[in-house]
Amino acid sequence: MAESASGSADKSVQVKLVLLGEAAVGKSSVVLRFVSNEFQANKEPTIGAAFLTQKCRLEDRVLRYEIWDTAGQERFHSLAPMYYRNAQAAVVVYDVTKASSLEKAKSWVKELQRQANPNIVIALAGNKVDLVLPSPSTSGTGSSSESEDEADDATATPGETPGADGQPESLRQVPREEAQAYASEAGLLFFETSAKTGEGVVEIFTEIAKKIPIEHILASTRGGAGRPGAAGARPGARQEGVNLEENPAKSKDACNC
Amino acid sequence: MSTISTQLRHFKEPTKDELTEIFFSVPPAALNAPQSGSATPSETLPGEEQLEKMEINAVLSMGVQGQEDSYAGKLYLLPPYLAFASLDRKSVRFTIPLSTIRRVERLNARAGIYALSLGLWHDQKIIVQLTSLRPSADAFCALLRNALKAELQRGQMKAVKSFVKTCYSEALVPDESSVGDNEREDGSLISEEKAGAPPRETTYHGGLGLKYKFPGDPKKLREASKIKLWTTYLRSHGRNLTLLRYPQCTRLVQVGLPNRLRGEMWETLSGSLYLRLANPGVYEQTLAQNTGRVTTSTEDIEKDLHRSLPEYAGYQNEEGIGALRRVLQAYSFKNPELGYCQAMNILAAAILIYMSEEQAFWLLGVLCDRLLPGYYSQSMHGTLLDQRVFESLVQRCLPMIHDHFQTVDVQLSVASLPWFLSLFINSMPMVFAFRIVDCFFCMGPKVLFQVGCAILKINGEKLLQIQDDGGFLNLMRDYFASLGESAHPTSADPRARAITRFQELLLVSFREFATITDESILSERRRFRADIIHSIESFSKRSAVRNLKSLERFSKDQAGMIYDALYKAMFLEPPPAMPAPPPAALFTTSGENEERPETRIGLRTFQCFLSEIATWARDETIILNGFQQRVDRTIAEHEFIDRLYFFWDTSCRGALSFQDLVSGLDGVMFNDLMENIEWFFNLHDKNKDGFLSKDEVLTLSESFLFIFRYEIGDAYLGAVSRFMTNAFEYGDALQPQHEDGEKSADGEKPPPSGSNTPYLNLATFRMVVLADEVLESFFETDLSASFRLEPVPDLELSASNNGLLGDIWSNIATADNKKFFNRFTDGIGKTIGKHQVIHRPSIGRYTNLEEPKAHESLLTPAMRSSPSKSSLRTEATASSTTLVSPSDPTPPSPPPKIPASSSEFSSLPMVQAANAALMERTPFAIDDAGDDDDTDEDSEDEEEDDDQVLDEVDAFLEENDSGLTAADKQVANDLLHAKPVK
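Just so you know, the protein sequences line up as chains P and V, in that order.
Just so we're aligned: 95 in the working numbering is position 95 of the first sequence, and the numbers increase by one with no gaps anywhere.
Just so we're aligned: 640 in the working numbering is position 640 of the second sequence, and the numbers increase by one with no gaps anywhere.
Since the hints were made in silico from the structure, they are not lab data.
Treat the hints with care, as some may be off.
[Unchecked claim] Reference excerpt, derived from the structure (chain P facing chain V, CB under 8 Å, subset only):
1. THR53
2. ARG75
3. MET82
4. SER107
[As the list claims (entries may be wrong)] Restraint-style ranges between C-beta atoms, simulated for each label pair:
5. V/ARG497 <-> P/LYS210: 52 to 60 Å
6. V/LYS819 <-> P/SER184: 55 to 63 Å
7. P/PRO81 <-> V/ARG497: 43 to 51 Å
[To be verified] Listing some non-contacts, in silico: residues in chain P with all C-beta distances to chain V over 10 Å:
8. ARG61
9. SER184
10. THR197
Glycine included, each C-beta is placed from N, C-alpha and C at the ideal position.
Only chain P is shown next, with the shape it has when bound in the complex (with noise of 0.2 Å):
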């Protein structure tokens, strides 16, 4: 405990993080593919938000995670700014294969430039590519138990997976060079992820912790992060850590830019 008190003071750097975007674009898929790199059925439906965290390395600081996984039915909608107020950063996803999708993320930005705070980091993340790309990854893990996971995924609506296989790109419905148009306008990182294949997916969050004010959030919490309670991480959260700092690492070495 005291050793994690004390890095976490010098080093370990609290980033909070929420996830917003419409019902069923994958929003829970991609933290999960973040955090644990796996991509399967939803285990939990998210009532109000899921609360997972993940560290990542950018140079010789160690960003701590603190991500809010929202839920994304429009009801919920109002709930939301209990678990965006104070983040610093946030990641606004749609669906590359629904329009809409795309004017509902529009919408949580808007929300998030006037009532979150101000130095806000959002990024936009285009999610289920592999539906629209052919990408080797996908034909080559076609195996039982993946499409499967697929279909209990709330990412993939009946409608759309057996289209998946057929003419992948009569999916797309939100231009690549669309999406980067108003993100470049709106000031946004942006993405086209698949949380199946996990392509894109651990970039985000590198390069949101590249752009995030680390200096201006360690002299804001650093009073705060020397107590006992800040560093209060259960021994499990620690171990997911440590044993997740080394995936991205094996993954793509992204991380550790």
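With the hints as your guide, set chain V onto chain P.
Frame of chain P; chain V shown alone:
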């Protein structure tokens, strides 16, 4: 785009009667008051309405001596139910359908004692001693007799037998009452019984657990001994429909229901059993009627089916998933306004383990509609409210924790929200969550608050260490994971060691937080409801404004005011339920054109909306009755408003969105003279061909007359008649040219003589308008200015809303009193001749009954410099003259000009009407003014004339006191400055 809902404003605190019904879990549909909320009211026979409710003091005792103590309490006749609650309202209670009462006997007892013996379906006998005065007791018996008779007539008695067979407890407790059955059953039922009898074991309903096992280890849960205890209890105290709840019942629930009985007991304790009894077949019907229907809710449900208790074996195959789908869909069809909310899937999945689909359907209904009110609604206001209530309870009961949370800025809700939303089912291991659910159904929603507080209290010391939300959540997660462990692992006493953390939790909940009662929760809810509604509303207002595609030229505040007006209109005139998505959605299967649901208003709501903003879209009457002056406002209806409605409906959906309104208002509120003229022209150019037809010219004139209908004086009337004259003169004059032009282009074309052919173009229209001073000033400033964005007085809304101020009754009384007072004073006013009703003008430029001089100050510089300013003055005179009765000969009256004008259109009814109106009002001075427009007049002369006229009018008024006193004139003067009375 967001949706706007005024539903929150319609909240009404339950009345005392309703609270009684809720307490006894009596289905509202079974009561006489028709409840719109319940989509499936049981059939009501005409006779049922006469059945009265009554309550009476009574002492309840069991028929068998020494079995239970006697309890004093109140007996309620709530046809078709009989209910009892002991004085403390918790020790003993029952709710029994009258149809299960087989025999009622008046007992021959000592004098002065009035006792009834009730023989119930399950062979148990209860004795109620009516302790009220004799006449009340007699009355109660008479009502009871009637109610029983009505039940018999409805054939409900027969339904009981087949119904109880669906209950597991019937299989549990050997049926000893079969002999007695024949007493009352008719042949049809016996034959029915024969048909359904052979597979006796399968008649009861059960859940997935029967096939896929129940969660938890049956041995550890001590299922066998629990079943034994319950069998004993149910045998002596009735079961399912006739269950009597004595203290032992609550104790047994608190140690956990046995799995096989759990579903039925949930049903019985929550009262959903009665709904199922009253609505046989409704579940299947609901599904059958909506087969294949796809809604937003069904889509959302699909997404969550595989995410609901996925570890449970029953939900890893189509059987469980299908059941879950059907139950959730059926509820969403039954209550489309609520539809489906995430977390309901967890509840439904949980209860389906223990009960059949039909049982689960009704229990889910009780959960969503009554036990967790508003939790899953579109706004989730119930959730937010109860989180606030919970926070306040924590503040009161656990002030240190609350203060610490404040200090480190941790929100309780981040952890507690899911507790309440999914009844702890996805927070703690299911076996424990279900035991809390047992208590919840037995003891009511307060259990959630009690357990919530107990969790915090038990973890108090650790909670005081946490620094952020994350720490809080981790602590809670660890605690819930350890609920099965010993609470006192180091204790020397083995019995203390045996107590699990979960048992400790329940002990703390019910011992230390017994002060949290249903009443205290109700009153806390009352306390915070207004806050919550306000914050939800301002949240949705902000997002609505933020989500506008374009603010146009409005500021955010102004858009907010438009929103307020829209909101008020929607409150007063709720738009029809969200129509099915426009047909476009049917053709495009891709999500390309998919739009998020957006609130759109219909014409009625639009009229109401416009009346908030445009002065001419409302009829405002100023009423004086000698005691008070008030402004009554009603919504105007006119074709012009309808026209505007369709004009603004640019996407042709037959309904307007908030954005449409903002854009529409933008199209007129910032216009200058020329733009306004064009706007008005386009508004009336129905086919958008750049020409008004003759008909359209007339419609346009009607629009003028409508807008000007309450202007004092005849200035506008004259202007409109001049406009028509000129329009037709110019139109006719220009007509041949158009024809020539068209002929040259199209070759041969018959001369357009019909009233629908293009007639007047914008240029001509502009010329005609600009030829008239009054219309020019109307278009220059008055038209735009007649749209006024003013803060909608919130008070007005809350006064008409009963929920906001918390106390419904006082509010109703106030509103009623106000109306009554108004009527009353009006009545007096009429009798003493002081009652007076004056229409407030919409534009009010030429209102003054004062001397003409004062008028000058009203003129804009532009008008003053205009050549024909005296015409305005004359109009002031005209204003005065309108006070004069038609027979008054005073003002010089040259013959009205209009009838003399082109005879071509004089046959048209519109013009006739206008002329008639002019004639009616004897527009003497106005015609002078009209003439003066053409001649360059000498203003001083005019002024003198005016004075003369005024003098004459004054003289006249003095002579014939026609009811208009100086005070009245004063009032008329005040009209301009009058504000709406709140």
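**Message:** Checking a non-interface call: every C-beta of chain V should be farther than 10 Å from the C-beta of P/ARG61. Is that right?
**Reply:** 19 Å, holds
**Prompt:** Does the Cβ-Cβ separation between V/ARG497 and P/LYS210 fall within 52 to 60 Å?
**Reply:** 53 Å, holds
**Message:** Min Cβ distance, P/THR53 to chain V: is it shorter than 8 Å?
**Reply:** 7 Å, holds
**Prompt:** Taking the closest pair, is the beta carbon of P/SER184 still more than 10 Å from chain V?
**Reply:** P/SER184 is indeed farther than 10 Å from all Cβ atoms of chain V, at 21 Å.
**Request:** Would you settle whether the hint for P/SER107 is holds or violated, based on the nearest Cβ-Cβ distance to chain V being less than 8 Å?
**Result:** 5 Å, holds
**Asked** Quick one: are V/LYS819 and P/SER184 within 55 to 63 Å, going by C-beta?
**Response** Given a distance of about 60 Å, which is inside 55 to 63 Å, the answer is holds.
**Prompt:** Can we confirm that no CB of chain V comes within 10 Å of the CB of P/THR197?
**Reply:** P/THR197 is indeed farther than 10 Å from all Cβ atoms of chain V, at 21 Å.
**Item:** P/MET82 as an interface hint toward chain V, with CB separation required under 8 Å
**Value:** Interface hint status for P/MET82: holds (6 Å vs cutoff 8 Å).
**P/ARG75 as an interface hint toward chain V, with CB separation required under 8 Å** = 5 Å, holds
**Prompt:** Taking the beta carbons of P/PRO81 and V/ARG497, is their distance inside 43 to 51 Å?
**Reply:** Taking Cβ atoms as reference, P/PRO81 and V/ARG497 lie about 45 Å apart, which means the hint holds.
In summary, the structure agrees with every hint in the numbered list given earlier.
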